[in-house]
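Asker: Listed below are the residues making up each chain.
4 protein chains.
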Amino acid sequence: MYLAVRARSLSLVEGLTPEDMGLQSMEDASPAKWHLAHTSWFFEQFILKEHVTDYASPDDRFAFLFNSYYVQMGPRHTRSNRGLISRPDVDAVLAYRSHVDAAMLKLLAEGGPEAQIIQELATLGCHHEMQHQELLVTDLLHALSYNPLLPAYREPSPRNVTEAAPLGWIDHDGGLVEIGYDGDGFAYDCEGPRHKTYLRPFRLASRLVTNGDWIHFMEAGGYETAEHWLSDGWARREREGWDAPLYWWQQDGQWWSYTLRGPRPVDLNAPVVHVSYYEAEAFARWSGKRLPTEAEWEVVARDYPIKGNFLNSGNYHPTTPQDPDDTQLWGDVWEWTQSPFTPYPGFRAPKGAVGEYNGKFMCNQFVLRGGSCATPSDQMRPTYRTFFYPHQRWQMLGLRLADDV
Amino acid sequence: MYLAVRARSLSLVEGLTPEDMGLQSMEDASPAKWHLAHTSWFFEQFILKEHVTDYASPDDRFAFLFNSYYVQMGPRHTRSNRGLISRPDVDAVLAYRSHVDAAMLKLLAEGGPEAQIIQELATLGCHHEMQHQELLVTDLLHALSYNPLLPAYREPSPRNVTEAAPLGWIDHDGGLVEIGYDGDGFAYDCEGPRHKTYLRPFRLASRLVTNGDWIHFMEAGGYETAEHWLSDGWARREREGWDAPLYWWQQDGQWWSYTLRGPRPVDLNAPVVHVSYYEAEAFARWSGKRLPTEAEWEVVARDYPIKGNFLNSGNYHPTTPQDPDDTQLWGDVWEWTQSPFTPYPGFRAPKGAVGEYNGKFMCNQFVLRGGSCATPSDQMRPTYRTFFYPHQRWQMLGLRLADDV
Amino acid sequence: MYLAVRARSLSLVEGLTPEDMGLQSMEDASPAKWHLAHTSWFFEQFILKEHVTDYASPDDRFAFLFNSYYVQMGPRHTRSNRGLISRPDVDAVLAYRSHVDAAMLKLLAEGGPEAQIIQELATLGCHHEMQHQELLVTDLLHALSYNPLLPAYREPSPRNVTEAAPLGWIDHDGGLVEIGYDGDGFAYDCEGPRHKTYLRPFRLASRLVTNGDWIHFMEAGGYETAEHWLSDGWARREREGWDAPLYWWQQDGQWWSYTLRGPRPVDLNAPVVHVSYYEAEAFARWSGKRLPTEAEWEVVARDYPIKGNFLNSGNYHPTTPQDPDDTQLWGDVWEWTQSPFTPYPGFRAPKGAVGEYNGKFMCNQFVLRGGSCATPSDQMRPTYRTFFYPHQRWQMLGLRLADDV
Amino acid sequence: MYLAVRARSLSLVEGLTPEDMGLQSMEDASPAKWHLAHTSWFFEQFILKEHVTDYASPDDRFAFLFNSYYVQMGPRHTRSNRGLISRPDVDAVLAYRSHVDAAMLKLLAEGGPEAQIIQELATLGCHHEMQHQELLVTDLLHALSYNPLLPAYREPSPRNVTEAAPLGWIDHDGGLVEIGYDGDGFAYDCEGPRHKTYLRPFRLASRLVTNGDWIHFMEAGGYETAEHWLSDGWARREREGWDAPLYWWQQDGQWWSYTLRGPRPVDLNAPVVHVSYYEAEAFARWSGKRLPTEAEWEVVARDYPIKGNFLNSGNYHPTTPQDPDDTQLWGDVWEWTQSPFTPYPGFRAPKGAVGEYNGKFMCNQFVLRGGSCATPSDQMRPTYRTFFYPHQRWQMLGLRLADDV
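Protein chains in written order, with this note's numbering: chain A, 1 to 405; chain B, 1 to 405; chain C, 1 to 405; chain D, 1 to 405.
Hints in this document: simulated from the structure, not taken from any laboratory.
Every value quoted in this text rests on a predicted model; they were computed, and no experiment measured them.
Hints may contain errors.
In silico contact screen, one side only, chain B against chain C (beta carbon under 7 Å); selected entries [claimed, not checked]:
| no. | residue |
| --- | --- |
| 1 | THR17 |
| 2 | PRO18 |
| 3 | ASP20 |
| 4 | LEU84 |
| 5 | ALA143 |
| 6 | TYR146 |
For glycine and all other residues, C-beta sits at the position ideal for the given N, C-alpha and C.
All chains, full assembly: derive it from the sequences and hints.
Answerer: Here is the structure:
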C-alpha cells in the first residue's frame, strides 16, 4: 500500500513543469510541490523521527517549511504564502521524497516490537497522502484556471455520447438505525462512535443532478430568485456575482467549462460539479425536494458496492454512467448533504494524537459523502465524511436530491 | 394581550431621548425608533390593510421605510443605514403607533366572519413585537456602549450578595424521545414538526456558568490557548482581539462590565453573559465537558416551570438565584447548544405566508434555548428555538455545561 | 463678529429635529450637534480655560467628547462613531453654547493686559467656527441623502430661468509673480509665506463649468472612457460605480439631483457641483483644456471683488449669475486646481500652537479656491486655500477650465 | 546598446530556478519571467509587427499575455495574477527572447528609409527594458523575503568597514532657474518641457541619511510620536504596524535586514533604504529639516558627474562611499523629494504614442531623484523623474535632507 500510494502521487505530477508545481491560487489551496513535500514530512515527523534512532533529515528546515500548521511567523509566512516558497525547488523536494521512502521501506521491512504501531501510523500516513492527492488535482485545476490560455492538465478526452438515465427514486423505510464506524480497519476519528439515530421514511434520487438539470434551473431564473436561496447564500451569490457553476462561461450561445482536460462544452448528461452548498440547497428547494441528511445517505449507500468514477479511473471529471442502473452513489462528485459537520454523540477529540485534526473543524461546514473523480477509491468507506464550507466550490462537489415519503 | 404587549414596548423607551432612539451601532442592530415603527407596520401591513376596507395609513411611505426586507434601493438605503432615517421623527412614529392601535382595537372588537384569522394574525403580531422588544434593549445596550460616558439606561441596582450554588448535575436516561411543537397554541414554524430523536444517557449542569467560572478560564489562559478553540473561533478571536466577554474591561485590578444599568464591577456569582458560541465551546472543551444539544435541553427543561429572570422582572441583566435549587433553565441568559439551526425532519418552509421567515436562516447559526433577562416571559415555550451566528455576542448569551454519562 | 458668527451657527440648525442633528453618515462627516459643541469647546479650551481664572465648564467630560482629536480610546470611540453619542442631547449642547457665550462676552468686554491675545484667539475661534458652518450644511446634506424620503433642509426655491453665459477667457501674461498672504489680518498658516513663483502666459475660463457642459461630457462617454482619466481616478470610478456627479439620478429620461432644498431637476445653466478631482480632471482633459494651478487662480481672482453666492445668500446651492459678466470666481462652488496641497517655500508648521493643524495634511490632497454657496463670505481671502482628497465629492466642489496661451 | 541591455536582463536571472522566476508577491510586483517576456513583447509589438512585413510571433497569444495593460478579462486575469501564469514556462520565454532578438538585430542592420524611426523606437525599448531590470531585482527581493529560509539572490558580500562622512551642506543661492529636459537625446515625456521656476536660497545635505541616523530616529521614539508624521502617514503606520524600514528585524539586540545578498546585520554607515515617503518626511521633520524639492535637487545634482553605486556595480545594496567627499547624489538609493509628481508647465500627454504612459500617473505620487543600486546607470539623466506612492517601500528608496538658508 505504501508503495502504491507514494507512486500515485508522483504519477499525478507527471508532465507538470516546476512552474506549474509552485502555483497557489488562493489560501484554501496549496502548490503541488507543497503537497509532495508535506505528505513526506508526515512520515518523517510521526514515524521516522520517532522510531528510527539515527534518522537524519536532508534539511532540518523542511520540518518547519512543510508542516501544515507551523507556528505563526508573522504575516509574511502564512498559509496563503506557500506559493512564494520557491526554494527548495522541485528537484530538492523529489529528493526529499526519495530519502523518506528509502527510510520508510527499510523500517517497514524490519519488523520488531514496534512493527504494529509503525504499521498503523504508516496506514494513517497513506490515507493522509490520499487526501492530499485529491487536493493536489483540484488545487491545480483552480490554479491553472487563472491562466488565460486555459491549459489542459491531461489530454482532452472524447465527448460523451451516453444519455443520462431518467430520474428514479430509492426508497427507505427509516426507523431507528445505526451509523458511523465501528470496525477494525482504518477510519478517521470523526467517523465514530457508531450510534443510533432515528429516520423518517425517505427516498434518494437514483442518480446525481446533471448539467442538463442545472441549466433548467438557470433558465428558470434560479440564480436571480432570492426566495430559493438561504439568506447567507443569496448574500454570497451577490458578493461573488455567481450566475453558473465555477469554471463555466458562455460562448456563442453555449455553456463551456474549464476542466483538467482543458476547456469543454458542458455535457448535459454528466453530473453537475463545482457547485457550492448554497447553490445545491437552492436547486433542491427550487425542485420542491431537499438534500439528504448524511444518515440517510449512509444507510442507503452502504448496500451498494464501492465502485465508480474515482481518481483511479483517470477521467479527472465526472461522467455519465454507461449502465442506466448505476446510482453513482460512489465517485464522480462529492454529494452535499444537509447535515452540518458536527460531532457524533459520544465523540471526544483525542488529545495530542496524530489524527486529532477533525474536531476543531466542527463548525460552519457541511458534510459531503461518496467521493469524487478526484478521490482515490481505496480511501472510501460508507462512513467516510468529508466537509467543506457552504460557499466553497473548487472541489468536485455536486448533489443528489432526496425527499420525504 | 395586544394592549399589554404594545404598552410594554412604550414602557421600554421611557426616559430615552429622541437622540437615543435613533442610534444604530451596527448592521445587526436597529434603532429603538425603528423597532417601534416596524412592529406597528406589521399589524398595518398584514391585518389592517388586508381586513379593514377603508384603512388609511398616516403616511404611505412608512410601508416602505419600516419594512424589514424592503426592496433594495441601492447601497444608500440598506439595513445598515436605518440609523440615518431621522425623519419621520420619534413623535411621528409614536403617532403612527397610536393610529395603528386605534384601528386594531376597533377591528378586534368587531368580531365578524374573519375574527378567527384576525385574532391569529394579531397573536403572531404580538409575538413578533415581543421578539423586537428583546432586540430593542440589547441593541440599545450595544449603541450606548459607544458613548465614552457609558450612560445608564436604567438606574443602577444594588450589588448582589447571594453566592452561586455549587455545580450539580441533572441526569437523564436518554432513549428515543420526541421533541418539537405539536400543540394548538402559537409557535413558530421552525419549532415543528414534533419528531422522534434518539439520545444517549446524558446530564446537564444544575446551574449556568458564572462570571467566576469564566474568570477561572481566563486566568488559566483560556483566551490564549488555541487547542481549546474551534479553528474558526480562534481565527475570529485573533481578528477581533477578544480576551474577555463583550463589554468587559479591567480597571484597578478588577473586571468591570457595561450593562443597561451602567458600569458595574463583574459579579462573580452571576451568570456570564455576552459570550459567543466560539467562547462557550472553548470554555466547555477546557472544562472537559461539552455544550448540550437542543434535544437534550428540551427534554430536561420541559419538566421545569417557565419562570425566572425575564424582561418582565425589570432587572435587565442576569442575576444569581436566591434559591440554590433554582436551575436557571428559564431566563437570565440564552443558553448556547451545540446544535446548528437546521430544519426538523419533515419541515417545509410555508410559502408566501406571514410567518415563513425562519427557513432561510437555517445555515451557519446555532440554536440557543431558554430565554434571557431581555426576553418577555410570555413568548417562552419549551420548544422555542432562537439562533445566532457563532461569533455574535451582543445578545444576552451564556451557557450551561453538559456531559455524557 | 463673535455674536454674528455664533448666531449664524444657530440659525443653520433652525428647523432641525434632535434626530437630524445626531446624524453621521460617514467618517468624513460629523453630526450637526457635534459641530455646535466642538466649536464651543474651542473657545472654552483655548480662551476661557487659559484666561478666566475661575471658569467652570458645565461638564468636564465635554472637553473630552468634543475635542476633534481626542486621545484614542480603542475602536469604540473613534471619529467615525460621533453619531453614536446621543448624550449629552441637543438641549444640553445648546446650554453649553450659552454658557460659553456668556463667559466669552464677559471676557471680551473686560479689556485688560491680555485683551489683544484674547481678541486674536477669538478671531481664530470665529474663523474655525465658520469652517464648521460649511461642514455642518454639507454633512447634513450627505446624511439626509440616505433617507429614502429625500427630505428638504430648506424650502424648495423657484426654478432658475437665466441662461448660462457663453464661455469666454480671462488672459494673463504670466511672469514672476507673488502669491500667498502677508497682511496684518487673519489668515491660516498655510497661506504663507508670500513668495515668488514663475508663471507662463495662461488664461482662465470666464465662468464655471455648468451642468449642461457636464451632461455633454457624460453623453460623449466621459465616464466610460479610460483614456480621459488619471489611473487612480479610473480605479476609483470602477470601484464606486460613478456615472454622474454625487446625488444625481435619472428619472423619466431626465437628470435629477438631491439638494438642501430637496430633489430638483438638474439645472443645465447652473454650475456643476459634487464632482471629485478625478472627474474634474477627466472633464478638463476631455475638453482639451486643463485645470488651473492655484497660483494662476490667485493672481487672477485677487483683482475681482469678493462677492458672489456664499452661505450668506441663503441659496444653499450654486446658481446661474444674473449678470453674464459675472465670473463666479467667488462663491457658488469651490474650484479644483491642479495643485497638490503642499507647503509654500519657507513654510514651517508652528509648534504646539492653536492653529497648527494644516501642515500635517500636506499630502495626497488638492487645493481648491474661491469658496462656495456653503462658505460664509467673511472668511474668504484671495489667498485662502482649502483642500480635499481627489476622490471626495460631498462638499460643494466644481471646476473652471484653464489653458495655456 | 540593444545587445548590452538585452544581455544584462539575462545576466540578472542567472542562477535563478524556474520556480524563482515565477514568483509574484504583490500586485505592485511582477515575476522575473514576466519582465523578461514583457520587455520582448515591447520590441515585437511596437517595432517588429509595425516594420517587418513578414514577422511571425512564436505564439500570437503572447501579445495578450505579456502586455502590461491588456484588456480586462474579469477578476481571474488581472495584474495581480501574473504569478499564476505557469505556461509558457521559462524555457519558452527565453526562446521568445531569442526569436525577438534575431529579428531585431536583422532589422537594425538593414538600414533603409525607416532606420531613423526604428532606431528611436529601439532606444525607447532599451530604456523601457532598463526600467524593468530595476523592477526585476526589487520585485525578486520582495518575493524571496516571503520565504522563511531568506535565500540569498547573490553571494553574501564582505562587511563594510568605511565610516560614513560627517554631515555637511551644499549651498545654493536659488533665484529664477530652469529645469527639465530640452536636449536631443532620449528622455521621457514627463521630463519636459524645460521651464523656469523660482527658488529661494537653500542647501542640500552632503550625503544621504544613513542607517545610523535612522536608528537615532527610532530610538528617539520616531515611530511612536504622531506629531512628526503626516496625518495619512500616521494612519498607514498604524495600519501596517511599521516600526522600522521594510525588511528589518531585531535579533539578539541587533538590527538585521534582508537583502539581495541574504540576511545581514544593518550597516550603520550605509544609506538607509526601503523607507516610504511618510517615514522619510517624518524623519526630516524630526530632524528640524525638510526634504528637497525636485527643482532644488536638479539644479544641484546636474553639476555632479553621473557616477556612483548603480546596478552595474553589482553590489545590489547601497554602500558607504570610500571617498568622504562623495555626495552620493547619483546611485545608492532613490531620494524622496517633497514634490508631488505633477505635469511641468506646458506639458501635454502625447496621444496614442508609445511613450505616453506617464501622464496618467500624475496624482498621489511623489518624485524621487538620482537612481539607485538597482538602476542601470545608462538610463540616468539629471532630469530623470521617477515616482512612487508615499506608502511604498519595496524599491531602493532613501533620502537626503535639505534646509532653507
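Asker: Each hint: holds or not?
Answerer: Hint-by-hint comparison with the structure:
no. : hint   : verdict
1   : THR17  : 5 Å, holds
2   : PRO18  : 4 Å, holds
3   : ASP20  : 4 Å, holds
4   : LEU84  : 4 Å, holds
5   : ALA143 : 6 Å, holds
6   : TYR146 : 4 Å, holds
Checked against the numbered hints above, the structure breaks none of them.
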